[in-house]
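*Asks:* Here is what each chain is made of, one letter per residue.
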Amino acid sequence: MLSEFNYHRPESLDDAIELINTTVDGLFLAGGQTILPLMKHNLATPTDIIDLASIEELKGISVNDESITIGAMTSHTTVAKSQIVRDNFLSLAELAGAIGDPHIRNKGTIGGSIAYNDPAADYPAALLGLGATVFTNKREISADDFFVDIFETALEEGELIIRIDFPFVDCTAYEKFANPASLFALVGVMVSRNDSIVRVAVTGAGPSVFRINQIEKALEASFTAASLDEVPIKHADLNTDLHASAEYRAHLIKVLAARAVRKAANQLDQKAPHL
Amino acid sequence: MTTVSMTVNGKVVTHEVKNHTLLIDFIRETLDLTGTHVGCDTSQCGTCTIHVNNMSVKACTMLALQAEGAEILTIEGVANANVLHPMQQAFAQNHGLQCGFCTPGMIMTALALIKDNPNPTEEEVRLELDGNLCRCTGYQNIVTAILEGARAMRAQ
Numbered sequence: 001m002l003s004e005f006n007y008h009r010p011e012s013l014d015d016a017i018e019l020i021n022t023t024v025d026g027l028f029l030a031g032g033q034t035i036l037p038l039m040k041h042n043l044a045t046p047t048d049i050i051d052l053a054s055i056e057e058l059k060g061i062s063v064n065d066e067s068i069t070i071g072a073m074t075s076h077t078t079v080a081k082s083q084i085v086r087d088n089f090l091s092l093a094e095l096a097g098a099i100g101d102p103h104i105r106n107k108g109t110i111g112g113s114i115a116y117n118d119p120a121a122d123y124p125a126a127l128l129g130l131g132a133t134v135f136t137n138k139r140e141i142s143a144d145d146f147f148v149d150i151f152e153t154a155l156e157e158g159e160l161i162i163r164i165d166f167p168f169v170d171c172t173a174y175e176k177f178a179n180p181a182s183l184f185a186l187v188g189v190m191v192s193r194n195d196s197i198v199r200v201a202v203t204g205a206g207p208s209v210f211r212i213n214q215i216e217k218a219l220e221a222s223f224t225a226a227s228l229d230e231v232p233i234k235h236a237d238l239n240t241d242l243h244a245s246a247e248y249r250a251h252l253i254k255v256l257a258a259r260a261v262r263k264a265a266n267q268l269d270q271k272a273p274h275l
Numbered sequence: 001m002t003t004v005s006m007t008v009n010g011k012v013v014t015h016e017v018k019n020h021t022l023l024i025d026f027i028r029e030t031l032d033l034t035g036t037h038v039g040c041d042t043s044q045c046g047t048c049t050i051h052v053n054n055m056s057v058k059a060c061t062m063l064a065l066q067a068e069g070a071e072i073l074t075i076e077g078v079a080n081a082n083v084l085h086p087m088q089q090a091f092a093q094n095h096g097l098q099c100g101f102c103t104p105g106m107i108m109t110a111l112a113l114i115k116d117n118p119n120p121t122e123e124e125v126r127l128e129l130d131g132n133l134c135r136c137t138g139y140q141n142i143v144t145a146i147l148e149g150a151r152a153m154r155a156q
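Chains as they are written, first to last, in the numbering used here: chain A, 1 to 275; chain B, 1 to 156.
Hints are computed from structural coordinates only; laboratory data are not their basis.
These figures come from a predicted structure and were not determined experimentally.
Please note: incorrect hints may appear among the correct ones.
[What the hints assert, rightly or not] Pairwise CB distance ranges (calculated): (1) A:D14 <-> B:T3: 22 to 28 Å; (2) B:E71 <-> A:F168: 33 to 39 Å; (3) B:H95 <-> A:F151: 43 to 49 Å; (4) A:S196 <-> B:T3: 57 to 63 Å; (5) A:S3 <-> B:A92: 39 to 45 Å.
Just so you know, even glycine gets a beta-carbon here, dropped at the ideal spot from N, CA and C.
Work out the full structure, taking the sequences as your base and the hints as a guide.
*Replies:* This is how it looks when you write it as structure tokens:
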């Protein structure tokens with residue numbers, strides 16, 4: 001049973017911000033796929049729910065010369081099926097299309113997912129692996145600065161995510177090993193390459209999404225799966241739980257990174273004749 | 001309390017609800033439409049799957065107030081009077097249910113899949129069922145029933 005709260009459904013960004021600043025313990029509601037289960041367990045007991053569903057500025061997907069932009073309230077299903085996303089960032093569409101299950105994807109949003117920063121969520125790997133930027137009502141935050149620690153982001157009180165910008169890259173792929181029961185990532189690896197810069201972001205393996213510098217450097221020297229063979233993956237700081245040991249997660253990181261590199265390199269090969 | 005209005009199985013309903021009422025409780029307790037089941041109440045099992053604005057959602061993980069103005073379809077709205085929907089018929093004919101508890105969610109999920117993909121492969125059906133659990137573990141016949149139901153719907 002959820003505890004009682006006041007319910008608001010503002011139609012503008014300004015109204016939503018005013019509500020969060022004037023209510024005692026207000027909470028933004030995006031798709032609700034995380035917060036409602038938490039509220040059922042009394043792990044969140046807001047005095048006020050501020051439902052963001054009617055705010056047009058938070059919706060939609062657009063593209064320009066340098067990036068695609070996804071509104072915070074865009075559902076996983078919308079991202080997965082978007083032609084703009086599929087044409088420009090197939091890895092992102094595939095990542096969104098494999099979050100949770102179809103019903104959860106219909107309600108869950110990109111803004112809600114990253115604001116919560118679950119250590120096994122997929123989207124944090126996309127933002128960090130693609131070098132995305134989060135735009136809020138106050139500022140812009142690079143993905144490198146956004147994800148702070150387990151369930152913790154750089155967002156301040158009264159700060160609301162408006163949209164996320166994904167700059168174009170030469171190639172990218174995401175590979176995950178999903179926990180078959182929860183469908184969360186036991187480990188997920190997002191790889192992207194743009195000119196000489198390679199980014200590799202790992203979710204599910206640690207307290208929060210993180211980059212692996214050694215893998216990135218190895219791939220910058222040679223963008224092949226084989227170049228990962230000799231890279232040691234430290235497991236000291238990785239998660240051990242009933243699903244997998246830290247050693248196993250370290251092993252998965254390498255396996256999934258190699259798969260992602262093969263997939264991404266394939267895109268480069270396909271693009272080559274047109275360059 | 002807040003007044004909420006939505007269209008459920010083609011009928012407009014308006015009720016005063018407590019703000020923290022879940023959509024599943026509104027459907028089952030207030031509207032007395034008990035065909036939609038609650039298995040886990042933690043967004044895992046999918047027995048509470050309904051359609052909101054033509055999309056499948058888990059009614060246990062949505063507030064009734066979030067459905068303001070929405071078009072809702074529950075299992076009670078699927079059959080045409082006393083004539084079963086082809087998907088329901090396919091479940092009956094293919095032993096797609098044993099205890100039947102998960103069946104409303106399975107059928108609503110199948111119908112959501114077929115709306116987007118009228119001719120799904122077996123693998124696509126299995127993937128679509130990621131969020132629906134059958135406690136009898138009768139998945140084999142559920143998949144068969146959905147493929148058969150899809151075929152029957154295409155033939156219509």
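*Asks:* Each hint needs a verdict: does it hold in this structure or not?
*Replies:* Cross-check of the supplied hints:
1. A:D14 <-> B:T3: 22 to 28 Å: Given a distance of about 25 Å, which is inside 22 to 28 Å, the answer is holds.
2. B:E71 <-> A:F168: 33 to 39 Å: Once the Cβ atoms are compared, 38 Å apart, the range 33 to 39 Å for F168 (chain A) and E71 (chain B) holds.
3. B:H95 <-> A:F151: 43 to 49 Å: holds (44 Å)
4. A:S196 <-> B:T3: 57 to 63 Å: Since S196 (chain A) and T3 (chain B) have Cβ atoms about 60 Å apart, the given range 57 to 63 Å holds.
5. A:S3 <-> B:A92: 39 to 45 Å: Because 42 Å falls inside the window, the suggested range holds.
Comparing the model with each numbered hint stated earlier shows that all of them hold.
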